[in-house]
Amino acid sequence: MGYLGGFLVSIRQMGRKQRVTTEYPKEKAPKPIRVHGRHVLNRYEDGMEKCIGCELCAGVCPARCIYVRGADNPPDDPVSPGERYGYVYEINYLRCIHCDLCVEACPTEAITETKMFEFSFTNRADAIYTKEELVVGDDGRPKHLPWEDWRPGEDEHTSAWMRATSPSGDARFEGTVGWSGELGYGVRGAEDAQDLKDRLTTGPDFVDEGHDQDDHGHADHGHGNH
Amino acid sequence: MLGGDPLLSGNVDLAVVAIVLLKVVLIFVFLLVATMLMVWFERKVVGDMQNRVGPNLAGPFGILQTLADGIKFFFKEDLIPDRAERRMFILAPLLSVVPAFLLFSIVPFGGDFSNGNNGTVEIFGKETLLQLADPPIGILFALAMSSIAVYGVMLAGWSSGSKYPLLGSVRASAQMVSYEAALGLSVVAVVLVSGSLSTHDIVMSQAEAGWGFLPNWNLLLTGVVPFIVFLIASQAELNRPPFDLVEAEQELVGGFHTEYSSIRFALFFLAEFMNSVTMAAIIVTLFLGGPAGPAFIGPEWAWGIFWFLAKIVLFLFAFVWVRATLPRMRYDQLMDLGWKVLIPLSLGWVLLLAIIGVARDESWNPFVVIVASSAFFLTGWGLLRAAKTTSKARRLEGVID
Numbered sequence: 040m041g042y043l044g045g046f047l048v049s050i051r052q053m054g055r056k057q058r059v060t061t062e063y064p065k066e067k068a069p070k071p072i073r074v075h076g077r078h079v080l081n082r083y084e085d086g087m088e089k090c091i092g093c094e095l096c097a098g099v100c101p102a103r104c105i106y107v108r109g110a111d112n113p114p115d116d117p118v119s120p121g122e123r124y125g126y127v128y129e130i131n132y133l134r135c136i137h138c139d140l141c142v143e144a145c146p147t148e149a150i151t152e153t154k155m156f157e158f159s160f161t162n163r164a165d166a167i168y169t170k171e172e173l174v175v176g177d178d179g180r181p182k183h184l185p186w187e188d189w190r191p192g193e194d195e196h197t198s199a200w201m202r203a204t205s206p207s208g209d210a211r212f213e214g215t216v217g218w219s220g221e222l223g224y225g226v227r228g229a230e231d232a233q234d235l236k237d238r239l240t241t242g243p244d245f246v247d248e249g250h251d252q253d254d255h256g257h258a259d260h261g262h263g264n265h
Numbered sequence: 030m031l032g033g034d035p036l037l038s039g040n041v042d043l044a045v046v047a048i049v050l051l052k053v054v055l056i057f058v059f060l061l062v063a064t065m066l067m068v069w070f071e072r073k074v075v076g077d078m079q080n081r082v083g084p085n086l087a088g089p090f091g092i093l094q095t096l097a098d099g100i101k102f103f104f105k106e107d108l109i110p111d112r113a114e115r116r117m118f119i120l121a122p123l124l125s126v127v128p129a130f131l132l133f134s135i136v137p138f139g140g141d142f143s144n145g146n147n148g149t150v151e152i153f154g155k156e157t158l159l160q161l162a163d164p165p166i167g168i169l170f171a172l173a174m175s176s177i178a179v180y181g182v183m184l185a186g187w188s189s190g191s192k193y194p195l196l197g198s199v200r201a202s203a204q205m206v207s208y209e210a211a212l213g214l215s216v217v218a219v220v221l222v223s224g225s226l227s228t229h230d231i232v233m234s235q236a237e238a239g240w241g242f243l244p245n246w247n248l249l250l251t252g253v254v255p256f257i258v259f260l261i262a263s264q265a266e267l268n269r270p271p272f273d274l275v276e277a278e279q280e281l282v283g284g285f286h287t288e289y290s291s292i293r294f295a296l297f298f299l300a301e302f303m304n305s306v307t308m309a310a311i312i313v314t315l316f317l318g319g320p321a322g323p324a325f326i327g328p329e330w331a332w333g334i335f336w337f338l339a340k341i342v343l344f345l346f347a348f349v350w351v352r353a354t355l356p357r358m359r360y361d362q363l364m365d366l367g368w369k370v371l372i373p374l375s376l377g378w379v380l381l382l383a384i385i386g387v388a389r390d391e392s393w394n395p396f397v398v399i400v401a402s403s404a405f406f407l408t409g410w411g412l413l414r415a416a417k418t419t420s421k422a423r424r425l426e427g428v429i430d
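Chains as they are written, first to last, in my numbering: chain W, 40 to 265; chain C, 30 to 430.
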């Protein structure tokens, strides 16, 4: 058909009812399990808060959107199992870039990110989430704030990214549980190992060049550079 | 000015004025509604071809989306940039819209052309044509109006006092002026065959019986080539894809209307889609016999309108189809196509039609005519080709820029 073949391509699409788009407000496209959404402050299974007020998250934050002030735990009614707890915890979502560095920095897995990013504000003060809004509820689920668009099930995966990260990026820790339990969920299981996932999600004709090079050793790379 | 309409040949009384006013209102409303539906139709069909849904929230199947957009535009802030040439900036959208409306006044949109009737209908006891005006200059008026629309685009870009609109409008004026030539030459072919400039007469000449089952359309009488040239040139004239360099979003932000907002932008938008509808109507009039067609049951004049609308919708769909298929041309490709292909082609074709016409009238020897004209056209084609290769070689050598 030459030049005119393109016309057939476009007319064949008509009336096929296949759609690459989602009618967004009515239905949502499924989110990847490691999407970075708004944060939650997690609690242990006994209800104690995980945050110890160490301010590492605030220190590592490249957008400087986290403000933490720690305080000593009251001896008769401790908030966290450690010596100190997060007395004030605020995140400014007009600044947050959802890089998850705070999650990596946190020594107690207190702060993690949910998959929810659909929220909006009408003034700047509302954009600052306070500790009351960030701490998970008594059922271990994030609090549903009135300006957030939620669908059922969206408050589940609140710590997937943290659990997917192997310590120091070492593959030997893959599949090993290295985190504490969460209120409402207990100790969550590890994600599937990477090669199992690859086998499930990639076709049989897929050639993984990166793995081959690893098997043959790094010497090839060195020679190539010299 | 209103020319060949039998309505105006007698005394002009109140009924005549009423009929003319009625036609004006009818055309005005038709154009606005057709434009609204065209925008919706285009978005829906392009959406379907790109596996999207298209507008679907306002009204059934999203058909009121354009209306909603229009209402929104009215309430938007009307912004005039500080560096804009104020009077020209305000005038430019009107220069786009008014010709778009006027263009339709010469289009016969209905009438009874079946069984050798002359296309008139009777309203209030008066014989009249179903077209607002039938001036003797006819189709030249359409060309004039589409040329005036260039001023709207050009002045809009120039008066914005901003560089992207200026670039867009420079492209627009160059493009529209160069394609106007091809457009005009293919109209000449139609005029040669029909023997009249008046749009009513052009339709009348096509309403006669053709050969066998084939209709007597100019599409066939002129030998298809002028039709294809006109179709391509009209897309360029309308600034529609693949010739939409004027408003190439990726390069020029919004093109000539970048600085326009609110209802002034809406006017450009309206003019653009109205011109699409009108251009389809003109193509139908020139090449496909306009409202002419067989009448079956019911009133004959209604069949005229039906055929007219059916043919228009066919072309509007083709426009949208082209838009969904072809990527935008580069500027040099656009100019090459216009000057080196379409204009020589349509010019040669007009000469050919003229030779055939004269040869038939003077009853020359057909064999001599064929040999002489093919020798003539081969020489012309060879010269053009030689000129193109030489200039390309010199350009590559860097002799000329």
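Just so you know, the hints here were simulated from the structure itself, not pulled from any lab data. Some clues are possibly wrong.
[Unchecked claim] Listed below are several chain W residues computed to face chain C (Cβ distance under 10 Å; list not exhaustive):
hint, residue
1, SER49
2, ILE50
3, GLY54
4, ARG58
5, GLU62
6, VAL99
[To be verified] A few chain W residues that face chain C, going by a derived Cβ cut-off under 10 Å, partial list only:
hint, residue
7, GLY45
8, VAL48
9, GLN57
10, THR60
11, LEU140
12, PHE160
Virtual Cβ for every residue (Gly too), placed ideally from N, Cα, C.
Cross-check of the supplied hints:
Proximity of SER49/W to chain C holds as hinted, the smallest CB-CB distance being about 4 Å (cut-off 10 Å). Interface restraint check: ILE50/W against chain C, minimum CB-CB distance 6 Å, threshold 10 Å, status holds. For GLY54/W, the interface hint holds, the least distance from its beta-carbon to any beta-carbon of chain C being 7 Å, beneath 10 Å. Checking ARG58/W against chain C: minimum C-beta separation of about 6 Å stays under 10 Å; hint holds.
A cut of 10 Å between beta carbons decides the hint on GLU62/W: the least distance to chain C is about 7 Å, and the hint holds. Against a cut-off of 10 Å between C-beta atoms, the interface hint on VAL99/W is violated, since the closest Cβ of chain C lies about 39 Å away. Interface hint at GLY45/W: satisfied, since its Cβ lies 5 Å from the closest Cβ of chain C, which is below the 10 Å cut-off. Here the hint on VAL48/W is kept, as its CB sits about 7 Å from the closest CB of chain C, short of 10 Å.
The interface hint given for GLN57/W is met, as the beta carbon of that residue sits about 6 Å from the closest beta carbon of chain C, less than 10 Å. With 10 Å as the threshold, the beta carbon of THR60/W comes within range of chain C, its nearest partner Cβ sitting at about 5 Å, so the hint holds. With a cut of 10 Å, the hint placing LEU140/W at the interface with chain C is violated, because the nearest CB-to-CB distance is about 35 Å. Here the hint on PHE160/W is broken, as its CB sits about 24 Å from the closest CB of chain C, past 10 Å.
Comparing the model with each earlier hint shows violations of hints 6, 11 and 12; every other hint is respected.
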